[in-house]
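Chemist: So the chains spell out like this:
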Amino acid sequence: MGLKGNRLQKLNNSSYRWLFHNNYKTLSTQLHYIHKDSSIEDRIIYLLADQDKGAIRLIYENYAVVLFNVILRIVKHEDIAKDVLQEALIKIWKKSAKFERSKGGLYTWMVTICRNSAIDKTRSRDFMDRQKSEKALDIVFVSDGLGREAKGEDDYFQELLQELPAHHRQLINLSFFEGYSHPEISAQLNIPLGTVKTRIRTAIQHLRSVI
Amino acid sequence: MNIKEYIASGILESYLAGELDKEEMRTVDSIASLYPEVQDQLNELRVSLNRYAAATGNLPDEETLKVVLQKIKEDEKEHFLNAIDGSETNFRRVNIVPRWTVAASILLSVSIAFNVFFYAQMMEQSKKVRLIAQENALMAQNIEKVDQQLDYAELRIAHFLNKDNVHVRMEGSDLSPKSYANVFWNVKSNAVFISVDNLPEPPAGHQYQLWAIKPGQAPIDAGIFDHSLLVQELKVIKGDVIAFAVTLEKEGGTPIATVDQTYVKGFLKKS
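One line per chain: the protein sequences are A and B, in this order. Everything in the first sequence is counted per my numbering, starting at 1 for the first residue and increasing by one. Everything in the second sequence is counted per my numbering, starting at 1 for the first residue and increasing by one.
To be clear, the hints were calculated from the coordinates, so they are not data collected in a lab. Errors might be hidden in some of the hints.
With a cut-off of at most 30 Å between alpha-carbon atoms, the simulated BS3-like pairs for lysine-lysine come out as follows [said to hold, decoys possible]: (1) K73/B - K163/B; (2) K53/A - K73/B; (3) K95/A - K22/B.
Sequences are here, hints too, so could you generate the full structure?
Modeler: See the structure below:
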């Protein structure tokens, strides 16, 4: 899809974005190695406005992890969360014209769409039937974050991760990957709610120091 | 605002973890837009989480993205097809719409057929009218000609019958043996009339001229005349004329007769 002059004008700082629009493919491949990528959000907004499907790929590469977690907090099942993420991404694409930067950041906007999709899902008949059958079996969803098999390509990075204490990893997993809310973590790990936030922060700080 | 404290509070981690509600998130957004430090922290946090996910095999699979892109593609296709369908029905509606247009178009066709028929008829009639008009004109011309001839004939008869008229018949000369013309000379008024009876058409730029001939004198100009008019009054000639003659002269006539161009000539009967 070509660059639309009027769309370009709609956006602030357009020449800056135009520069990135040309280079976004090369940039997105290096994405995981970029520390300061303040432009990702700009690039996605630009591509969305231009109705470029590259926007969805960029969102997926940069935000799927966090958005998946947001959805999982609500639907509690990974397979359902996956479906909801799919639906939410399609909605993001369709609603892209309605995004207004003045009303908040891209992430906030996407989180709202994901949450609404997830809530819709919990109200669906499929979801309710599933809840009932699981209750009958009395299955308790317990995090086994530490037991997850690391299939990452980055062996060096994995080695570094070994330096991260297990309880830090557990906190990161629960909060950012397994959809646990702070009160849930507090209950799960038997830590006071007020402490959960600071511990998570410490864990993340540790993670960042490792990488 | 103490930004360092704000960052240290762990609110940014809560923001990314989905712990904050919409309003709280918007507050973070506005602070991040005011303080690049906060924005940087958020970006770095997100990148760290992505790296962690990559290292622990928690990255979302490529398959999900493919499905999403495929669905978007199908959706666009459907949208496009719907747009086409929509436009088709619109066209159909326009075609169907008012019934009176069908009746109107039938009436129009009938009307056109009649128009063509009547027009053809009218053309034929006007052709006939034109022909008749031509015939009429021709007839009128003929009548006029006949009338004129009759007038001349009457005029000549009148001249012949007029007791005061001396009649001179001029016979063709060697130049034009078959030619002839008549002169009537009124002895009372001395007026000279010529009756152009049989003179050849004068060549362009030439005209016939009548001469009165008196003994011992050069021919006297009796006037030029129009070849196409049968009887015309010319000049007044007095005296002892013995003969009249017609010569061919240059247009406008001449004071001295070109005698070798004499076409007709006639002598007065001696009384």
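Chemist: Take the hints in turn and mark each one as holding or not.
Modeler: Now the hints, each set against the structure:
no.	hint	result
1	K73/B - K163/B	violated, 125 Å
2	K53/A - K73/B	holds, 9 Å
3	K95/A - K22/B	holds, 18 Å
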